[in-house]
Amino acid sequence: MPKDSGIGASSKRREDVRFLTGKGRYTADINLRGQVYVAFARSTVAHGRINSIDTSAAAEMPGVLAVFTGEDFVEMGSNPAGWYITSRNGETMKEPKRPVLAHGKVRHVGDAYAAVVAETVAQAKDAVEAIEADIEELDAVLDMASAVADNSNRVHDEIDDNICFDWGWIEDNRAAVDAAFESAPHVTTLELINNRLSPNPMEPRASLADYNTGTEDYTLYTTSQNPHLHRLLISAFVMGIPEHKLTVIAPDVGGGFGSKIYHYGEEAVVLAAARKLGRPVKWVCDRSEAFVSDAHGRDHVTKIELATDKEGNFLAMRTETLANLGAYLSNFSTATPTFLHGTLMAGPYKTPLVYVNVKGVFTNTVPVDAYRGAGRPEATYQIERVIDKCARELGIDQIEIRRKNFISPDAFPYTTPVGLVYDTGNYGATLDKMIELGDTAGFESRRAESSAKGKLRGIGYSTWIEACGIAPSHLVGQLGARVGLYDAATVRVNATGNISVLTGAHSHGQGHETVFAQVVSDMLGIPEASIEIVHGDTSKIPFGMGSYGSRSLAVCGTAIVKATDKIIAKCKKIAAHQMEASESDIVFENGNFTVAGTDKSKSFGDIALSAYVPHNYPLDELEPGLEESAFYDPANFTYPAGAYACEVEVDPGTGKVDVVAFTAADDFGNVINPMIVEGQVHGGVVQGIGQALFEVVVHNDEGQNLTGSYMDYAMPRSNDVPLLVVDHSCQTPCTHNPLGVKGCGEAGAIGTPPAVVNAVIDALQAGGYDIAHIDMPLTPSKVWAAMAGAQQAAE
Amino acid sequence: MYAFDFVKPSTLDEALSALAEDEAQAISGGQTLIPTLKQRLAMPSKLVSLTGIAELKGVKTEGNTLTIAGATTHAVVAKEAAEAYPALASLAGRIGDPSVRALGTIGGSLANNDPSACYPAAALASGATIVTNTREIPADDYFQGLFTTALDEGEIVTGVKFPIPEKAHYQKFIQPASRFPLTAVFVAKYSSGVRVAVTGASEDGVFRWSEGEEALGANFSPDAVSGLSVDPDGMMADMHGTAEYRAHLVKVLTARAVAAANG
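Chains as they are written, first to last, in this note's numbering: chain Z, 22 to 816; chain H, 3 to 265.
No lab work stands behind these hints, which were simulated from the structure alone.
A quick note: this is a predicted structure, and the numbers were derived from the prediction, not measured.
Certain hints may be false.
Stated by the list, open to error - Straight-line alpha carbon distances no greater than 25 angstroms define the calculated DMTMM-like cross-link-like pairs of lysine to aspartate or glutamate that follow:
no. : chain 1 : residue 1 : chain 2 : residue 2
1   : H       : Lys40     : Z       : Glu92
2   : Z       : Lys587    : Z       : Glu553
3   : Z       : Lys803    : Z       : Asp722
4   : H       : Lys40     : Z       : Asp50
5   : H       : Lys40     : Z       : Glu310
6   : H       : Lys48     : H       : Glu25
7   : Z       : Lys803    : H       : Glu246
8   : Z       : Lys803    : H       : Asp240
9   : H       : Lys253    : Z       : Glu816
10  : H       : Lys40     : Z       : Glu601
11  : Z       : Lys591    : Z       : Glu601
12  : Z       : Lys146    : H       : Glu25
13  : Z       : Lys476    : H       : Glu246
14  : Z       : Lys623    : Z       : Asp654
15  : Z       : Lys474    : H       : Asp225
16  : Z       : Lys561    : Z       : Asp37
17  : Z       : Lys803    : H       : Glu25
Unchecked claim - Label pairs and their calculated CB-CB ranges:
no. : chain 1 : residue 1 : chain 2 : residue 2 : range
18  : H       : Phe222    : Z       : Ala809    : 24 to 30 angstroms
19  : Z       : Arg46     : H       : Ser101    : 23 to 29 angstroms
20  : H       : Ala5      : Z       : Pro263    : 41 to 47 angstroms
21  : H       : Ser231    : Z       : Pro743    : 32 to 38 angstroms
22  : H       : Pro100    : Z       : Ser472    : 33 to 39 angstroms
23  : H       : Phe222    : Z       : Gly789    : 30 to 36 angstroms
24  : H       : Ser223    : Z       : Asp37     : 51 to 57 angstroms
25  : Z       : Glu192    : H       : Ser231    : 52 to 58 angstroms
Virtual Cβ for every residue (Gly too), placed ideally from N, Cα, C.
Chain Z on its own, in the form it takes in the complex (with noise of 0.2 angstroms):
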């Protein structure tokens, strides 16, 4: 019987209420008394050398208040990456200055060099139109494999090879992997591109920035995933305002797919130009200038080998990956290509022995950093696109080998070869469990019915797992990270009985109001419509680390379960104190603490009044109020995993795929609210399928942006998309937090696009063309030229 409310209850989601009566409050609907705005000047060219700006001109346009060059900005700090990457050599990354405004040089179309403060956003932008650069172009450096080889044309002046690091993955397996492979009865060698994506939140950047003057404290309202952290990188990295005299507010918020996370240029001139003038400073990004300031998500240009023997028993695993870093170093972005690859490169199989080579290259395009699944989607293509192709060359069922080389159920912990520690799973019960869902067995008689329609019918698989939860903050201190991934939760019990929980994680769509209110509601039994969700200010909130990677239930969601367990343990006291017996023999249950074995009872709202109204309390040795604070720094990543089924449809006569099933069968450990954990699911597989089919950016040799808009960048829509079938019966829940959760996010964008790539091989063979792999997307074009060449091959 399902429930109808707290943990596992599908309850709807409080927020939506507003979300769709046009009542959220984005940081665009936030208007301060006085408030102007900046518009930005943005490189045309990708690589440029500014030889003078001359902004008089536009200072002296109508209604212009300030204009900003890099200039202004040469004291300030450099905008940081978050991790330090130690190259095989034993060197440290190399880092160059991130600066506010770009100075000395332009680095990728985009690229702001001045902005301008008017009392209109119209007055801004025809002011921007009247500073006239003189920026010297100069070659772009667009492909990585050049920029390597070659070291006359560089990004950075001062880094002459265009390499940040080159990451070994364990290098000390190096050489026992080499030496496998020079054994293996058989290798399957594959060449492939994650292709760079934008990330397209419905709501583009904006920051609105105040100062008082009489204060001297700032307020930024911002897009934000983590509002602490935007506040850390400002006060401590960049601007060195004092994090006590800086607030930052990230309101409601429409999306942000990891492109949130990031401190921007934009957020640090809004606050200066709010400080120089004394009045609220706003900008809002536009859809074309967010496709060449957003960061980038992916491409990677990988070569992956694997080895086996002749019954498709994996031997080892190697691979070569040169990962875009775009022009600056972002946040999160040595990270993403690294740590949250690298180590995910076992699967869930039990590959003896894995090397993993990285090099983070640096090219004139826009930064590319952390986006749904952010390393984890890289790794997986890489490993399930290589054992599909190694299950063809052998003759093996694709559903047979990943079976074979699954880590077996009784293996838990399992230590990977490449530095994780999986807790727990079962990769045989979900493989089940999308078989069964999937009627993979009746697919030939489905594959017919197709053929009699002229259509060539594929079906594949993708057997995922990935590491969420982010993060162990000892671990990934080892691993190079600067900050700590713990979060924070207060637990605020009004005087009435009523609940606010303050949080460090950050909902920009999670649903975190309804989902955390369950957990809270289910511990002290009170309903969920007492409890409020309160995030995103940091005034407000304790020093959380946000929500990405999958960790908002797992890391913040734990916190606030600690921090309510000690809310239970300073109650039982006051109980026990209150109905004079031994705390020991308080029994907390459906909302009220009863001496075991008596009559004797109180409510939770009794208790929480009596702390606030501390007549009949223990004074002398327990403080008033009911309030409690936990940080919570998770001794693991969670592991969640799936088997992911997709079958699509290839039009020979045009190329185009459509996908006509979908099956997704998760283990995401317990569930709190199943309706939203198939939501995550539903839009993780339908950005899956966006990467796989559909979205790409193209530069052209200049490095111009092709895809700068929806006219040429390919959105998944709603009519792409078959009904999804998904499931999350499959529980093994995690170990080492208190709810058993994992996590679910980015599952779907992990696991879904080699499925999708695997159906469309699959069709294709089937089909009678000999083609081992086409880069994604996977467009009508791109098909049907693969299928001409093979064709002409044949003949």
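Given the coordinates of chain Z, work out where chain H should sit on it, guided by the hints.
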């Protein structure tokens, strides 16, 4: 966007006199012009709306001719032409999305002559007549290349007369991002012969595939074009499709259009 004046006259004469001013520009549904203005790529001093003029609206059938007034929206055509010319109504009902169809107009589409627009294919394949405030222009003379038409400065499309074919179908293959035609083919069969118009494919905009027309004139079946090939020379090439791909699509889509027209 830059500042501009806006007028919305209620008669064609008022519109024409407003348009006589320097830097004045007509706006109908604005589905191309508004995005262009938002990106600051155009700077008209005055926009003259054509959507408040009663005589520029409506769909009517007289004999074997369907006439659509210039400022009639796609949504209205999709509904009101459905009986007389279902293939044309179907084309109108598949342009863009509901918001585009509620605002965009046939006159705006034909005046703009985007090489990937839908309506030019229908007009050319139907041998339609483009009616303006000064004259009538046969479709074969009207389309003159990318974003280029026979219209003079200040001339307004007031209507389009479509001869109603015996059979017709519009086969659209969409570009995945814009959902404009990557290539689309309108096939119309008349007692006088078959006309095949292709949009989205050529560097010169909408064109008639005469080889296909001849073959289909002799045998109106999909097989009639199976032995033909389309020259990729002069086809558009971009990230969404090579010239060879578009040339290939012309043939595939023509065959499918014929199959659909034959029901």
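Structure-based check of each hint:
no.	hint	result
1	H:Lys40 - Z:Glu92	30 angstroms, violated
2	Z:Lys587 - Z:Glu553	18 angstroms, holds
3	Z:Lys803 - Z:Asp722	20 angstroms, holds
4	H:Lys40 - Z:Asp50	20 angstroms, holds
5	H:Lys40 - Z:Glu310	13 angstroms, holds
6	H:Lys48 - H:Glu25	7 angstroms, holds
7	Z:Lys803 - H:Glu246	12 angstroms, holds
8	Z:Lys803 - H:Asp240	12 angstroms, holds
9	H:Lys253 - Z:Glu816	22 angstroms, holds
10	H:Lys40 - Z:Glu601	73 angstroms, violated
11	Z:Lys591 - Z:Glu601	15 angstroms, holds
12	Z:Lys146 - H:Glu25	22 angstroms, holds
13	Z:Lys476 - H:Glu246	22 angstroms, holds
14	Z:Lys623 - Z:Asp654	34 angstroms, violated
15	Z:Lys474 - H:Asp225	17 angstroms, holds
16	Z:Lys561 - Z:Asp37	23 angstroms, holds
17	Z:Lys803 - H:Glu25	44 angstroms, violated
18	H:Phe222 - Z:Ala809: 24 to 30 angstroms	28 angstroms, holds
19	Z:Arg46 - H:Ser101: 23 to 29 angstroms	25 angstroms, holds
20	H:Ala5 - Z:Pro263: 41 to 47 angstroms	43 angstroms, holds
21	H:Ser231 - Z:Pro743: 32 to 38 angstroms	35 angstroms, holds
22	H:Pro100 - Z:Ser472: 33 to 39 angstroms	35 angstroms, holds
23	H:Phe222 - Z:Gly789: 30 to 36 angstroms	31 angstroms, holds
24	H:Ser223 - Z:Asp37: 51 to 57 angstroms	53 angstroms, holds
25	Z:Glu192 - H:Ser231: 52 to 58 angstroms	56 angstroms, holds
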